[in-house]
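K.L.:
Protein chains in written order, with this note's numbering: chain U, 1 to 332; chain H, 1 to 332; chain X, 1 to 332; chain W, 1 to 332.
Take the hints with a grain of salt, since some may be wrong.
[Stated by the list, open to error] Taking lysine-lysine pairs in the DSS-like style, the calculated list, with each CA pair at most 30 Å apart, reads: (1) U:309 - H:231; (2) W:309 - W:231; (3) U:231 - U:309; (4) X:309 - W:309; (5) X:309 - X:231; (6) H:309 - H:231.
[As the list claims (entries may be wrong)] Derived contacts from chain W toward chain X, CB cut-off under 7 Å, selection only: (7) 143; (8) 209; (9) 272; (10) 273; (11) 274.
Hint data in this document are derived by calculation from the structure and do not stem from the laboratory.
Note that beta-carbon positions come from the ideal geometry of N, C-alpha and C, so glycine has one too.
Protein chains: 4
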Amino acid sequence: METREFTPSLEQLVWTFGGAAPVMRIRPGTVLRLWTEDAFGGRLRSSSDRPSALLDDRYINPQTGPFHVEGAEPGDTLVLHLVDLTPARDWGVSTTFPFFGGLTGTDRTATLHPALPERTWIYPVDRAAGTVQYAALDSDFRVDLPLAPMLGTVGVAPAAGEVRSSLAAGPFGGNLDTPQLRAGATCYLGVHTEGALFSVGDGHYRQGEGESCGTAVEGAMRVTLLVDLLKGGAPGRPRIEDDDHWISVGSARPLEDAWRISQTDMVRWLASLYGLTTMDAYQLLSQTCRAPLANVVDADYTAVTKIPKSLLPAAVAYDGTHRRMRLAAAGL
Amino acid sequence: METREFTPSLEQLVWTFGGAAPVMRIRPGTVLRLWTEDAFGGRLRSSSDRPSALLDDRYINPQTGPFHVEGAEPGDTLVLHLVDLTPARDWGVSTTFPFFGGLTGTDRTATLHPALPERTWIYPVDRAAGTVQYAALDSDFRVDLPLAPMLGTVGVAPAAGEVRSSLAAGPFGGNLDTPQLRAGATCYLGVHTEGALFSVGDGHYRQGEGESCGTAVEGAMRVTLLVDLLKGGAPGRPRIEDDDHWISVGSARPLEDAWRISQTDMVRWLASLYGLTTMDAYQLLSQTCRAPLANVVDADYTAVTKIPKSLLPAAVAYDGTHRRMRLAAAGL
Amino acid sequence: METREFTPSLEQLVWTFGGAAPVMRIRPGTVLRLWTEDAFGGRLRSSSDRPSALLDDRYINPQTGPFHVEGAEPGDTLVLHLVDLTPARDWGVSTTFPFFGGLTGTDRTATLHPALPERTWIYPVDRAAGTVQYAALDSDFRVDLPLAPMLGTVGVAPAAGEVRSSLAAGPFGGNLDTPQLRAGATCYLGVHTEGALFSVGDGHYRQGEGESCGTAVEGAMRVTLLVDLLKGGAPGRPRIEDDDHWISVGSARPLEDAWRISQTDMVRWLASLYGLTTMDAYQLLSQTCRAPLANVVDADYTAVTKIPKSLLPAAVAYDGTHRRMRLAAAGL
Amino acid sequence: METREFTPSLEQLVWTFGGAAPVMRIRPGTVLRLWTEDAFGGRLRSSSDRPSALLDDRYINPQTGPFHVEGAEPGDTLVLHLVDLTPARDWGVSTTFPFFGGLTGTDRTATLHPALPERTWIYPVDRAAGTVQYAALDSDFRVDLPLAPMLGTVGVAPAAGEVRSSLAAGPFGGNLDTPQLRAGATCYLGVHTEGALFSVGDGHYRQGEGESCGTAVEGAMRVTLLVDLLKGGAPGRPRIEDDDHWISVGSARPLEDAWRISQTDMVRWLASLYGLTTMDAYQLLSQTCRAPLANVVDADYTAVTKIPKSLLPAAVAYDGTHRRMRLAAAGL
């Protein structure tokens, strides 16, 4: 397998899915070793830093990419296997933006309240212990939390010539903010444009389900990806597979629509995996799925539906792609 | 501890929270051994049974109760510890009601589509193996799934003289349909009326998160409860504690409001457990919580927020009530 | 026609639909001359009055009633024609409750913001001019606004033994808070219990569409109603007819579900009035309806769908009941 | 005033806001005489035409434009005064797309229902009578409805380099689908990019509020616009002014968020027009506004808040721009 490396310069960062020239052309089967900047462009570095003073809310979630995958055409299935995610800094950061987050009035859930206080928490990383440290700002409370690296954004160029902010999510993937995008996961994305033009970014050193305050423990990340391409078979929405689960991802507002998208997609996936009718698959889903929230804060909320493989007979999705990726990754 | 038993006759079933005379007066500290009928009043028994022919949708989720707890006054905290849930029949049942469920038009998400097909699945119980068997109706696919008994409904009489259908949920608890209400869990409910007047029902032999098709593997249940009372301290919404988690429960529509209710309640709970300010608790929640959906099908959707105790320093909620309940239950 | 009068004493006020004994039994065809207390029980009388100090949020919207209509059985259609609504005081009042209203965090759209300021506006009534006067609290701005009396709540006892707060709305009617409930309107409500047990209250001297801050210009009202009964034909949701419009009313959350309820009901109504198929009625509705919001603040939001009669050929609903009511009212 | 004319060729049609080179550079003060193609690119012409066979759902709502306005910079206010809208064909058309519309499952409100029937209605235009004719497909019912021409889409290039489908709406305007965009209306849009790059399209010969089935009486349109520019003062969301109303426009999902956006914007507008505090403006809005829905079917739902000028003392918005536009239009 060919290995390519890419660390974007400041000028190479992009804040959209679609709309940017590719930084590299790669072949299916390539190993990518990347560096991703944190959601804030590295500008928040101290608990006294205020996001409203230092950040432009149009330029959040800088992307590493886009990458042009040779041979990728609309209707194909892009395969991104996350081999490794390693924090690239010895600190992460979380903050409360004015009018952004799940438990505040926002630009959409528009109320007449003044903004909640703007605060910034710095999380030192202890690589040896595998932890980040939460420290309360207003008291002495501290606790070490396990590192659980994930990528917030994984997406391709959208359909129909759209260019979407790296805060948005949809059929093209994007700002999914689900902890399922961790090392060992294989992500399937429908291709909408020639070359797919995918990018990744928004590394989280850890995140609760829902990403309630609007930001995770954000941090620059070293990312190792295996990139592959399946001709045809594009899923309508992002799907994820890991050793333990099949996962469908829905992004929309209101939250029940995000859930409905992921659920109906999983009904179809189960029907296909086990040769079930729609109603039989609906029933099987109803008694077996897990439904953790991903985020309820982004431009588009994301909900996921997970089926534990352990509950069901062995089945093979996407011609065994995930297993093939795991084997290839083990050989790196 | 005093032990009381109660198996309702057909005439004693009730379909509301509030509005019914108590079937029994009990003292705090009582062990209750109960029998609960299934959601359908036991009327669906074969895959050829059609709910629209056999059921009246105003009479779903029959309750066992209500029980009058001596000394319970508005503002107090009712404690219900689920000691044991054992399937009372050797089969469970699930079905698709016309215009009920998560992936169909409903009486609220009203569309012009005809109803989805009305189907009924019977799940044989294998007690020795600890499984129920899913069998597809339209093919030969079968799979044994682990028994995971839980209660769909746990509630008290609502505030302000309201009487709510046993399909509804709210500050009084009710049709929460969360798998968290399993053996080993302690449920805290605010008392709204003298005697609390709580009831339980709607046993599920297992349920996926979201209860997508509208019904779980429904089944009659033998229920052992420990009932206790804390003076004052009524939580605004139902809370649950088990050995591993603190859990806040929100019920509302749209789904993001159910989530917001559970999240803001957990922010306050964390603030209280660890002496944190609101913003510090909001941040801690954001990086540690789990947010599985309970149901997206009932009259009121339910979302839960869970904090894994393993992530945080030891802390004691409700004066150690949960641990006390566990010890008492172990002695039964 | 028989005329009955009723002015509730303080002890006779009720705050629920269902759950109260009737204050009077009346025959279909009766003229009722009623007095309704304002939403706050008359307790807010000055701009220095604070609702949180003076009100119990479980006891808002006191009802005048319930009235038992002789012969009314489940499945029948209760007809309430609003003959006259006259302000019963020379002042109205509006206020901002903490955590209540459309542009604030609430107990459901739960956020971490402190409450918006609690303010009270008194509106003097000028009967001769037909106006109420808005006066800003923080500046000298004043403006006279036209009196536009309406009833916020019109409802019957709910189905299945439920008792609902007079803040709630649903198939039983209730806290609809739509300006369509003005003099000259005929309201059709499905009967769920013997005697229908309807009540009215929550008079508004005027209200914007949406009732944004949570309260209208609230005021005690003298109400003249014509009560009638149609055997059978119960509409699934409240309907209103006036000289100019057919109106369907939907109450639910999220707001799109309230809208969907009213829209699908109107599709069926149009199909029935003009002998159209569902798809033809859907198309006709799409090009002719008006869709003003009623309220986006109550326990259940309410949206209405209006069809201007002037756009369509003459048609007769409910056997000409509205016209009959208008003629009868003219003769009073 | 300079007058410019533009009729796009087939190759000049665009289906996005942003992302296309300007077709013309114009100076503020220009009169534009334009031709807009219908939402379906003119491809649906008979009741036997099926949209799924003839249309690509990525290419709906072709735009006429974009136009580069000289001197327009981010933060400025683009003024588009609709002088005249005249149907350009003697027929309009409406249809039901599979999985598109308000009373059907969709790609977002994803259910397991098969699509509703796909039907197409042709509306002959009678210019002399000023009507379009609705004819039922499944019966003989026909009715002439008044012509009420409006533009469904009016938008500029979005912020931050986004390119949005002409089905989307947001701070950039876009697919608002509100009947308020009729002749005599002045639309104020914030400028996000140099030159503003606005376009218009999606003419409707008439539309009900909500655009329930997903499409209005769609038709090609001759459009006369007056274009002007105000330096600075960009509104956060589209605003509209006509002789009778001030109008704020909110686009989002769920529908209550669209409403909240328009309402909070109007609170601020009223505060500014009359020197009121936020709470006083909130109160005034609550008793005076009208809240008709625009559409509940697009990618983003749109709600509007209207304040009748007749209710309030005379006030001048945007330095009298609307009156100036009306006078200039009268002189054409």
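K.L.:
Compare the structure with each hint and give your call.
P.N.:
Tested hints:
1. U:309 - H:231: violated, 46 Å
2. W:309 - W:231: holds, 25 Å
3. U:231 - U:309: Holds. Residue 231 of chain U to residue 309 of chain U sits at ~25 Å (cutoff 30 Å).
4. X:309 - W:309: holds, 27 Å
5. X:309 - X:231: holds, 25 Å
6. H:309 - H:231: Holds, at about 25 Å.
7. 143: The hint holds - residue 143 of chain W has a Cβ within 7 Å of chain X, the shortest such distance being about 6 Å.
8. 209: holds, 4 Å
9. 272: violated, 13 Å
10. 273: violated, 10 Å
11. 274: Holds: closest Cβ of chain X sits about 5 Å from residue 274 of chain W, inside 7 Å.
Checked against the numbered hints above, the structure breaks hints 1, 9 and 10 and satisfies the rest.
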